[in-house]
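Enquirer: Each chain, letter by letter, is given below.
2 protein chains.
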Amino acid sequence: MKKIINNPTDVVSEALMGMQAAYPDKLVYTPKMEVISRKEKKTDKVAVISGGGAGHEPLHAGFVGKGMLDAAISGNVFSSPSPDRIGSAIEQVSCGKGVLMVIKNYSGDIMNFGLSADLAEMDDIEVAQVVVKDDVAVPDREEGTGRRGIAGTVFVHKIAGAKAEQGASLAEVKAAAEKAISNIRTMGVAMTPCILPAVGKPGFQIADDEIEIGMGIHGEKGIETTKIKTAKEIAEILVGRILDDYDYSGSEVAVLVNGLGGTPLMELYILNMEVQKILEEKGIKAYRTFVGNYCTSIDMTGASVTLMKLDDELKELLDAPCDTPALKI
Amino acid sequence: MKKIINNPTDVVSEALMGMQAAYPDKLVYTPKMEVISRKEKKTDKVAVISGGGAGHEPLHAGFVGKGMLDAAISGNVFSSPSPDRIGSAIEQVSCGKGVLMVIKNYSGDIMNFGLSADLAEMDDIEVAQVVVKDDVAVPDREEGTGRRGIAGTVFVHKIAGAKAEQGASLAEVKAAAEKAISNIRTMGVAMTPCILPAVGKPGFQIADDEIEIGMGIHGEKGIETTKIKTAKEIAEILVGRILDDYDYSGSEVAVLVNGLGGTPLMELYILNMEVQKILEEKGIKAYRTFVGNYCTSIDMTGASVTLMKLDDELKELLDAPCDTPALKI
Chain P
0 MKKIINNPTD VVSEALMGMQ AAYPDKLVYT PKMEVISRKE KKTDKVAVIS
50 GGGAGHEPLH AGFVGKGMLD AAISGNVFSS PSPDRIGSAI EQVSCGKGVL
100 MVIKNYSGDI MNFGLSADLA EMDDIEVAQV VVKDDVAVPD REEGTGRRGI
150 AGTVFVHKIA GAKAEQGASL AEVKAAAEKA ISNIRTMGVA MTPCILPAVG
200 KPGFQIADDE IEIGMGIHGE KGIETTKIKT AKEIAEILVG RILDDYDYSG
250 SEVAVLVNGL GGTPLMELYI LNMEVQKILE EKGIKAYRTF VGNYCTSIDM
300 TGASVTLMKL DDELKELLDA PCDTPALKI
Chain Z
0 MKKIINNPTD VVSEALMGMQ AAYPDKLVYT PKMEVISRKE KKTDKVAVIS
50 GGGAGHEPLH AGFVGKGMLD AAISGNVFSS PSPDRIGSAI EQVSCGKGVL
100 MVIKNYSGDI MNFGLSADLA EMDDIEVAQV VVKDDVAVPD REEGTGRRGI
150 AGTVFVHKIA GAKAEQGASL AEVKAAAEKA ISNIRTMGVA MTPCILPAVG
200 KPGFQIADDE IEIGMGIHGE KGIETTKIKT AKEIAEILVG RILDDYDYSG
250 SEVAVLVNGL GGTPLMELYI LNMEVQKILE EKGIKAYRTF VGNYCTSIDM
300 TGASVTLMKL DDELKELLDA PCDTPALKI
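Chain order of the listed sequences is P and Z. Be aware that the first sequence starts at 0, since it is given in numbering that gives the first Met the number 0, and climbs by one per residue. Be aware that the second sequence starts at 0, since it is given in numbering that gives the first Met the number 0, and climbs by one per residue.
It should be emphasised that the hints constitute simulated quantities derived from the structure, not laboratory data. There may be inaccurate statements among the hints.
Because identical chains share one entry, a pair is satisfied inside a single copy or across any pair of copies.
[What the hints assert, rightly or not] With a Cα cut of at most 30 angstroms, we get these calculated DSSO-like pairs of lysine-lysine: (1) K1 / K96; (2) K226 / K40; (3) K38 / K327; (4) K276 / K1; (5) K231 / K41; (6) K178 / K228; (7) K31 / K1; (8) K40 / K1; (9) K200 / K31; (10) K96 / K284; (11) K220 / K41; (12) K284 / K231; (13) K178 / K200; (14) K40 / K276; (15) K1 / K38; (16) K96 / K220; (17) K314 / K65; (18) K228 / K314; (19) K96 / K178; (20) K226 / K281; (21) K96 / K226; (22) K200 / K38.
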């Protein structure tokens with residue numbers, strides 16, 4: 000394992016310290032709690048928080064700042080943050096107008112954020128929750144955990160954060176986030192596995208001439224292992240699966256072509272070229288496009304494509320200014 | 000080779016097309032010339048252009064936009080753009096106030112940009128050139144090519160672009176760029192080699208338990224091959240070499256902790272934590288810090304550290320607004 004780290008057990012705290020050190024005027028880091036929060040605390044708005052396992056940088060802490068999140072809570076690599084950590088974040092950002100939790104759909108996250116919400120309610124802090132489940136590689140079903148939350152989470156941070164910044168009520172911020180979630184679909188492909196710092200070697204393998212369609216951001220099994228394909232074919236598969244699941248025809252959409260950590264920007268731009276061609280052919284208008292590493296899987300190579308259908312409200316919220324380490328509009 | 004590409008010979012044009020497709024309102028792509036230029040052409044300012052081999056994305060085209068470059072010219076992967084391409088960029092952005100070329104110090108770039116400057120002068124376009132040579136891994140000598148230009152180039156784009164945006168003369172923009180160049184030093188480390196799309200396998204090897212200090216961004220030999228080290232040790236080596244070369248003590252500096260393409264943000268933040276600790280110990284104040292993939296080597300893993308000493312003028316230019324795909328202030 001070749002990583003620029005110190006002790007593998009310290010990667011989460013040290014990465015967050017290093018992020019805070021790059022933005023000392025804007026971010027606060029709470030040791031042990033692994034919380035990054037906005038330095039300029041707001042006193043008159045709904046607080047929006049999110050979090051989950053580490054290893055998806057810049058998600059979640061990279062989206063803390065004006066117009067997006069008020070705080071992000073990190074668990075250990077690929078594991079949910081504990082309720083006491085989430086409680087620390089709530090305490091730091093709650094200012095009487097309520098707290099919206101943006102949760103990715105994993106059972107550990109659902110449980111721990113849920114527990115923290117219950118505890119906060121006991122302290123008379125009003126908490127609402129939304130659950131992102133955008134991964135079309137997983138069937139959308141009522142029973143069981145169902146769809147995973149992946150890169151589309153970034154759009155939910157943006158929409159909810161912008162709505163909160165406008166001074167909307169907790170119910171309104173939650174409604175905007177839910178509208179975004181219902182309009183978002185994501186599909187990914189993994190080329191090579193990731194290496195957890197504490198493990199030191201890949202937890203699974205993908206053959207040298209194969210790729211895995213639909214692999215999750217923690218290496219969860221995908222829907223198909225296939226021979227290496229061209230960027231054009233990969234775009235057709237990813238966008239095809241998304242369009243099979245949701246009818247975006249005639250819509251304006253936000254597009255996210257997201258790298259999984261180890262994939263160079265050159266490849267993401269080539270993939271974007273192919274994605275945009277398909278959207279144009281299908282009569283889907285790309286209103287705004289994002290290309291880069293937004294929701295990663297440590298050093299996994301591969302990419303995902305996310306679409307979010309827009310209406311006037313979502314366009315306004317998407318375009319609203321934000322100022323965070325990983326996104327500035 | 001697992002890359003999200005189509006034909007390896009098309010990676011440069013397709014990546015630039017994909018970048019332009021993400022910013023259709025802001026960027027223009029000129030086919031065959033491999034030039035990305037600003038859509039909103041300025042008519043009253045010095046034009047700042049840069050370029051070089053592809054494979055360093057987001058450098059150079061990712062820094063085209065308000066407050067930075069007016070155009071970027073790409074060669075093939077790791078090879079200099081031809082004079083006709085550079086001429087196309089000059090033609091697109093020249094508006095009578097002169098053109099500044101920001102050139103990285105490689106013999107091919109020096110020759111081709113120089114030829115293009117001569118040709119432009121014959122068309123009565125005033126052209127000035129600055130040469131970035133920030134890599135302290137290479138001795139700074141009068142004879143031969145001398146120091147390579149690497150990640151510090153991004154700071155030169157920022158400073159020259161901001162000065163030009165203020166309406167300064169060609170001589171003033173050149174002077175600001177030269178001040179920046181003289182104040183910038185960079186040092187890098189490579190962990191794993193990169194794979195050129197047209198080659199399909201690494202052009203060199205780094206042993207599984209070794210890293211190479213001072214490797215160039217095209218895989219040029221470094222100054223030392225050594226066993227894997229901790230982030231703390233790597234920071235000490237990189238910053239140590241920089242401080243041996245230039246006296247930053249008591250200064251305010253801009254810091255760039257740059258990833259080489261395949262290194263996750265988590266590791267760059269950990270490295271930044273260690274870099275900031277050293278700067279603090281040495282009494283060097285980090286005025287503004289950038290962490291991310293700014294000047295890459297395709298999918299190489301590793302990182303570089305850049306420092307730029309600031310004075311009041313450079314601080315103002317660094318802080319000036321810019322709006323490009325890869326940097327927004």
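Enquirer: Have a look at K220 and K41 and pick one of within, between, both or neither, based on CA distance no larger than 30 angstroms.
Expert: neither (41 angstroms within a copy, 51 angstroms between copies)
Enquirer: If the cutoff is 30 angstroms on CA atoms, where do K284 and K231 land: within, between, both or neither? Let me know, please.
Expert: within (19 angstroms within a copy, 47 angstroms between copies)
Enquirer: Is it within a copy, between copies, both, or neither that the alpha carbon of K276 lies no farther than 30 angstroms from that of K1?
Expert: Classified as between; 22 angstroms across copies, 38 angstroms inside a copy.
Enquirer: Regarding K96 and K284, is the shortest C-alpha distance of 30 angstroms or less found within a copy, between copies, in both, or in neither?
Expert: neither (36 angstroms within a copy, 38 angstroms between copies)
Enquirer: Are the CA atoms of K228 and K314 at most 30 angstroms apart within a copy, between copies, both, or neither?
Expert: neither (34 angstroms within a copy, 47 angstroms between copies)
Enquirer: Using 30 angstroms as the alpha-carbon threshold, which applies to K31 and K1: within, between, both, or neither?
Expert: within (26 angstroms within a copy, 39 angstroms between copies)
Enquirer: Can you tell me if K231 and K41 fall within 30 angstroms by alpha carbon in one copy, between copies, both or neither?
Expert: Neither way: K231 and K41 sit 46 angstroms apart in one copy and 36 angstroms across, limit 30 angstroms.
Enquirer: Cα distance capped at 30 angstroms. Does K178 pair with K228 within a copy, between copies, both, or neither?
Expert: The answer is neither: 34 angstroms in one copy and 48 angstroms across copies each exceed 30 angstroms.
Enquirer: At most 30 angstroms between CA atoms: does that hold for K200 and K38 within a copy, between copies, both, or neither?
Expert: neither (37 angstroms within a copy, 46 angstroms between copies)
Enquirer: Is it within, between, both, or neither for K40 and K1, if the alpha carbons may be no more than 30 angstroms apart?
Expert: Neither. Shortest intra-copy (39 angstroms) and inter-copy (45 angstroms) distances fail the 30 angstroms Cα cut-off.
Enquirer: With identical chains treated as interchangeable, where does the CA-CA distance between K226 and K40 reach 30 angstroms or less: within a copy, between copies, both, or neither?
Expert: neither (50 angstroms within a copy, 45 angstroms between copies)
Enquirer: When no copy is named, should K200 and K31 be tagged within, between, both, or neither for a Cα gap of at most 30 angstroms?
Expert: within (26 angstroms within a copy, 43 angstroms between copies)
Going down the numbered hints, you'll see the structure goes against 1, 2, 5, 6, 8, 10, 11, 13, 15, 16, 18, 21 and 22, while the others check out.
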